[in-house]
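**Q** Protein sequence lines, in the order shown, are assigned to chains A and B.
Quick note: the first sequence uses the working numbering, first residue 1, plus one each step.
Quick note: the second sequence uses the working numbering, first residue 1, plus one each step.
Some clues are possibly wrong.
What the hints assert, rightly or not - Derived pair list, reagent style DSSO-like, types lysine-lysine, alpha-carbon separation capped at 30 angstroms:
| no. | chain 1 | residue 1 | chain 2 | residue 2 |
| --- | --- | --- | --- | --- |
| 1 | A | K188 | B | K158 |
| 2 | A | K190 | B | K129 |
| 3 | B | K129 | A | K188 |
| 4 | A | K188 | B | K120 |
| 5 | A | K173 | B | K80 |
| 6 | B | K205 | A | K173 |
| 7 | A | K190 | B | K42 |
| 8 | A | K60 | B | K205 |
| 9 | A | K188 | B | K205 |
| 10 | A | K190 | B | K158 |
| 11 | A | K150 | B | K129 |
| 12 | A | K173 | B | K208 |
| 13 | B | K80 | A | K190 |
| 14 | A | K188 | B | K12 |
| 15 | B | K219 | A | K179 |
| 16 | B | K129 | A | K169 |
| 17 | A | K30 | B | K42 |
| 18 | A | K173 | B | K42 |
| 19 | A | K188 | A | K31 |
| 20 | B | K208 | A | K179 |
| 21 | A | K190 | B | K120 |
By construction, these hints were calculated from the structure, which means they are not laboratory data.
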Amino acid sequence: MNYILGAFKPACHISITFSDGKSRKQVPLKKENGQTVMVPLFQSQENISGKISIEPVSGKKVEHNGIKVELLGQIVRELDVPGEIYERKTYPFEFSTVEMPYETYNGVNVRLRYILKVTISRGYAGSIVEYQDFVVRNYGPPPSINNSIKMEVGIEDCLHIEFEYNKSKYHLKDVIIGKIYFLLVRIKIKNMDLEIRRRESTGSGANTHVETETLAKFELMDGAPVRGESIPIRLFLSPYELTPTYRNINNKFSVKYYLNLVLVDEEDRRYFKQQEITMFRLGETS
Amino acid sequence: MMIADGIEDEEKWLAEGIAGIQHNAFYLHRAVDSNNLREALKYSAQLLSELRTSRLSPHKYYELYMRAFDELRRLEMFFKDEERHGCSVLDLYELVQHAGNVLPRLYLLCTVGSVYIKSKEAPAKDVLKDLVEMCRSVQHPIRGLFLRSYLAQISRDKLPDIGSEYEGDGDTVMDAVDFVLQNFTEMNKLWVRMQHQGPIRVKEKLDKERSELRDLVGKNLHVLSQIEGVDLEIYKDTVLPRVLEQVVNCKDELAQHYLMDCIIQVFPDEYHLQTLETLLGAFPQLQPAVDIKTVLSQLMDRLSNYAASSAEVLPEFLQVEAFAKLSNAIGKVIEAQVEMPVVGAISLYVSLLTFALRVHSDRLDYVDQVLGACVKKLSGSPKLEDNKATKQVVALLTAPLEKYNDIDTALTLSNYPHVMDHLDAGTNKIMAMVLIQSIMKYNTCVSTAEKVDVLFELIKGLIKDIDGTLADELDEEDFKEEQNSVARLVHMLYNDDPEEMLQIICTVRKHIMAGGPKRLPFTVPPLVFSALKLVRRLQGLDGEVAGEEVPATPRKIFQLLNQIIEALSNVPSPELALRLYLQCAEAANDCDLEPVAYEFFTQAFVLYEEEVADSKAQVTSIHLIIGTLQRMNAFGVENRDTLTHKATGYSAKLLKKPDQCRAVYACSHLFWVDDQDGIKDGERVLLCLKRSLRIANAAQQMANVTRGTGGPVTLFVEILNKYLYFFEKGNPQVTSAAIQDLIELIKTEMQSDTATPDPASDAFFACTLRYIEFQKQKGGAMGEKYDSVRI
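The following block holds chain A by itself, in its conformation from the complex (with noise of 0.2 angstroms):
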């Protein structure tokens, strides 16, 4: 009975709510079934706190052998010794200046979550669970050492170039200023693109997966150029879904980030020169 009951309606609605929940930034969160939702947006040393109220469906009593709340994976708060409750029931929480030194992270063979778990406990008829997912992002000083990359390629007496990108580091929202100076084409180049791709590395020695993404495929010039010519590089970070670089997160991934310029010749064959950028994120002054 129970089960069947159990299987279609709950016993009771559990819903969490943040204190600061109106005011706080509310960030896009890809769920494991794609869809998305909006999630309370934190960062690490923040107080985390709220409310939790259990609502019996009307007219039951829910009996359980104690409620608490966990911030997964780190931190239980017992929330009420084993009882009844037969009514609407709110439980305020607090976890005080919560070190959270990892951001959420949502990549291809990894995902780093933060989630509120609240469980009733109860005998035969099972546990009564609810999740809350928050996101985490941490910010950082813009760093205080950040070169150009220059760099001079080529294939030898076919083509030779030298290219720059303004900084080696860039935050999120960021502009690649850069340009390509041509110095010997012997090729007939049709195009020439710049990719963003981001190298997520999974696992550790022989057990390391790497996925690779390219999340941006732009392109900077349209025909062939000649020796001499000059072309910009202007790219707007923005419109791409970029995180941060992440190196070696709590030993189990990384995620790296590479500018891939790539000329393609008319019989479309490929010429690329890969370099890293290092991503992070700036605090926003608003």
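Dock chain B against chain A, hints included.
**A** Chain B alone, transformed into the frame defined by chain A:
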């Protein structure tokens, strides 16, 4: 087949492109109508993607471009209206740059850029600079040219020109100039590059396609010329050097030719004049295949017109030494371009000459200098073979004649004959004809022996056979026309001073004597008459200069004439020579130079005896002799008798009886000169008339014998008329009885059985009788005289 397919395919691709544009335009309009910026950007980028095609020829691509252009105008209106899309122009400027494909991105950027400048939220120069730099990303020639052409189009009214609303706050006209120059340079580079790119195609086709696009490039120069702020200084220091730098460096003949032409056409003449050195300095650096002559000619034409436009600008030409610079530049170009055909060089000289004539009409030395340079160029090859080059040389030689309307000027140009020397015989003649026609047209009198000498040296192609020309090559009619022209020319040589005139005659003689048998009959008569004219003039002066030692005396001239005519008789052209001798004799008679006149007659008689063999010619000659001799009054009795005797003798010896008869009765006049102190020998007159009557009778009898019919009575009627003449003049030997007899004789002859009816002679006789009747009835002394004649 292949080509046809290609064209069909192209039509198909164009249709597809247009369909793509229309399709996206539909959604674009919808987005714009609903103020949806994001959708508008999306569909406009898709729409513009149709322009990324590589499959269309420039012509078709243009069609596609124009479709897209119309849509962009509409989009620009939308962009302008911030209230509708709620996005600041600065944000919009960034937003459009998110587009992934470069071509749509840049079209959109230019479109927003236009709005941005208009909003004045940023200095125009910064936006322009950014746009022109960003457009570098399109390196495909055709796509790049159209994109930059779009940039030029939207920026035209937004340049920070003087007086423009975008000027000021650090935006100066120099920024406008820099912008246009940069766009021009990049466009030209793309245009030049067209020939190296894409699939290898036929060069002509490529050149044609390139030509279709040239105005896109040239438009920039036009824009530069339209910028108010581009004054002479900016033009001189910035615009021209930078444009020329690009023109020279692009090393492309098509571009160089077109752009040089463009520069000359779009900028003011005044600027050209002041920057002549710089402009001309570029020419020797152009590719050898560039048709420099056309371009330079254009420049000189323009400058000539400019000079002609107002007298005030002339000092400028002198100040900048325009001629020297042009001349120098042409020299350098010819030197640098060894491959240039002669015709090219000559046509350059023609232009330079035209320039010199129009701008410095007073500087004959310039004209001569040009001709000299031309001679130098021509001296490499002995004679011109190239038809076109020959034409140019003729143009070169004709120009001064037309300018000065006056052969005199041409004759003072020392290099003129040298240039003519380089023409082939045929053209040389044509040129000589041009010279003569010029003299005729402007009625120019050539007045010194020296000039005459030069002139005849110039037209020597007409005056004598030049080696290598075969006589039978000549068209008879052309030859006649040429020689007639020379004959006419002789009459244009004149000086009031007899001395100089004699010199002229001698000079002409010197030249025409070399003309040979075919020419002398044409050229000698005018010379003879010209000399005779001088004789008559001297006759008029006789009183004044008598006693002085005058070199130019009639006697001297007659000597000369004798020689001249002798040459003609040797040709041989005896009849003409005979006429001329008689003319001279008459003139000598008028000068009272009996021996001279006698000598001329002797010559004429000798010719008659020895050279005139044709009976018809003899008849004509004898009548001329008789006529001339009749008028001679300078002869003493003895000389006269000798000559008359001879003439009468010749008359009686003519072949045909009627001719004899007529000549003999004509001789009667030799003995009766109706002057106050003329000879009046009635007896010998009658003798002649009787003799002619006898001959007429003989002729009549001969006709009876040979044909069985009598000849017409015309001869008798003619003799009757002579009788009447002398009767009326009062020759006592001619009596009314004799007249009566003659009338009867004629009447009898007419009624004879054998008489041949001849209406003409019947009428003649009837008229003669009517005249007699008239005289009878008139009464008076004459009437009485005729009284005894009955008809």
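**Q** Which numbered hints does this structure break?
**A** As far as the earlier hints go, 1, 4, 6, 8, 10, 12, 13, 19, 20, 21 are violated by this structure, in ascending order.
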